[in-house]
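**Q** In this note's numbering, the protein residues as written are 50 to 335.
Hints are computed from structural coordinates only; laboratory data are not their basis.
Keep in mind that this is a model prediction, so the values were computed, not measured.
Treat the hints with care, since some could be wrong.
Unchecked claim - Here are the in silico distance ranges between beta carbons for each label pair: (1) 137 with 164: 30 to 40 Å; (2) 273 with 94: 51 to 61 Å; (3) 106 with 219: 29 to 39 Å; (4) 81 with 219: 35 to 45 Å; (5) 50 with 156: 14 to 24 Å; (6) 232 with 260: 20 to 30 Å; (7) 274 with 117: 20 to 30 Å; (8) 232 with 316: 40 to 50 Å; (9) 140 with 94: 43 to 53 Å; (10) 162 with 92: 40 to 50 Å; (11) 312 with 58: 19 to 29 Å; (12) 273 with 117: 48 to 58 Å; (13) 160 with 216: 17 to 27 Å; (14) 305 with 94: 25 to 35 Å.
Ideal Cβ placement from N, Cα and C applies to all residues, glycine included.
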Amino acid sequence: MWIAENWKDYEVLDCRKGEKLERWGDFLLVRPDPQVIWETPKACRGWDRPNGHYRRSKKGGGEWDFFQLPDQWQIRYGSLVFHLKPFSFKHTGLFPEQAVNWDWCQSRIRQAGRPVKVLNLFAYTGGATLAAAAAGASVTHVDASKGMVGWAKENAASSGLSDRPIRWLVDDCIKFVEREIRRGNHYDAIVMDPPSYGRGPKGEIWKIEDAIHPLIRLCAQLLSPEPLFFLINSYTTGLAPSVLTYMLSVELKDKKGQVDAQEIGLPVSSSGLILPCGASARWECL
50 MWIAENWKDY
60 EVLDCRKGEK
70 LERWGDFLLV
80 RPDPQVIWET
90 PKACRGWDRP
100 NGHYRRSKKG
110 GGEWDFFQLP
120 DQWQIRYGSL
130 VFHLKPFSFK
140 HTGLFPEQAV
150 NWDWCQSRIR
160 QAGRPVKVLN
170 LFAYTGGATL
180 AAAAAGASVT
190 HVDASKGMVG
200 WAKENAASSG
210 LSDRPIRWLV
220 DDCIKFVERE
230 IRRGNHYDAI
240 VMDPPSYGRG
250 PKGEIWKIED
260 AIHPLIRLCA
270 QLLSPEPLFF
280 LINSYTTGLA
290 PSVLTYMLSV
300 ELKDKKGQVD
310 AQEIGLPVSS
320 SGLILPCGAS
330 ARWECL
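Taking the hints into account, I'd like the entire structure generated from these sequences.
**A** Below you can see the structure in the form of structure tokens.
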């Protein structure tokens with residue numbers, strides 16, 4: 050398992066009975082987590098006085114209860130600064146477990162010793178974009194949500210990266226990749242963090258089990274003659290690390306590289322155990 054253990058402004062304090070207690074900077078949040086199927090005693094007093102608690106509804110969805118929580122605040126990861134705000138369906142605008150992948154991307158880019166072009170698909174609020182840009186890469190950031198792209202720009206500005214070579218694009222990821230193939234454009238590295246289910250700007254339906262392999266096949270055509278890496282992340286429990294490994298290995302078999310895939314996770318302070326948070330697969334050149 051790859052563990053995001055270098056956070057100072059974020060922490061999973063405890064997890065039990067379908068929920069996790071998290072510290073985001075100076076604020077405590079309780080949010081649901083389907084992986085937390087165990088029922089253990091409450092190990093932290095923070096359970097009784099969080100700043101925000103997202104409660105699921107039996108009818109689907111849910112809503113926040115807020116207790117002395119600002120509309121927006123910031124946390125840092127190294128030199129990167131992220132704006133946070135609770136919004137629909139329990140999210141805060143950041144997936145902290147992805148920090149372990151940001152660190153890996155940065156190390157690959159810095160070790161390359163050459164200019165690196167990165168394509169970040171389903172780029173959300175820009176964690177991987179900012180990490181790659183801070184490491185010296187030029188980045189094309191693509192997300193179907195105009196609001197998310199705007200949020201990512203705010204994060205870049207707060208991180209002192211506004212002057213870095215980042216293209217911000219609001220677009221359907223599949224259609225963008227198809228156009229880039231026709232244009233003959235190439236990238237040295239590709240990052241994708243697709244949702245389990247979603248819709249594009251014109252109502253296009255994305256279902257990861259049906260769409261992920263065809264998209265990997267398309268993206269393989271965008272890799273430069275000397276590709277650096279290809280990273281896929283998945284929150285869908287049905288896509289095991291071995292499944293991600295198989296798809297990347299099949300589509301990149303003509304490239305000189307290797308694939309490694311693992312679960313990713315976050316340390317839980319109260320127990321010393323690791324909370325699983327999906328899986329990632331990394332292809333890198335040899």
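**Q** May I ask which of the numbered hints given earlier this structure violates, with the numbers listed in increasing order?
**A** 4, 7, 9 and 14
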